[in-house]
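A.B. asks: The task is simple: from the sequences and hints, build the whole structure.
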Amino acid sequence: MAIVMEREREKRGLTKKELVKLCEITTPYYFRILDATANPSLQVITRISTNLKVPLQDLMLGMKSEDR
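To convert, note that position 44 of the sequence shown is 44 in full-length UniProt numbering; the numbers rise steadily by one, no gaps.
Everything labelled a hint here was simulated from the structure, so no lab data went into it.
This one's a predicted model, so the numbers in the text were calculated from it and none came from an experiment.
Each hint should be verified, as a subset may be incorrect.
Keeping only pairs whose Cα atoms sit at most 30 Å apart, straight-line, the calculated BS3-like set for lysine-lysine is [said to hold, decoys possible]:
id, residue 1, residue 2
1, Lys53, Lys21
2, Lys21, Lys11
3, Lys53, Lys11
4, Lys53, Lys16
5, Lys17, Lys53
C.D. replies: Quick look at the structure:
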């Protein structure tokens with residue numbers, strides 16, 4: 001999930017701070033998601049997916065749409 005999050009965030013020209021604000025999470029929590037020490041709720045994952053414009057399934061499986 002972290003690889004897709006960072007790839008899509010960069011592709012959209014968002015800073016980490018901007019994505020954190022859009023997703024209504026804290027910066028420390030964002031970094032915990034990235035290093036897999038957090039267990040984000042479905043609500044948080046959905047907000048990340050929506051703000052990155054990535055299908056939820058692709059975000060969860062760590063893949064690009066064209067990889068399916």
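A.B. asks: Against the structure shown, which of the earlier numbered hints fail to hold, in ascending order?
C.D. replies: No numbers; nothing is violated.
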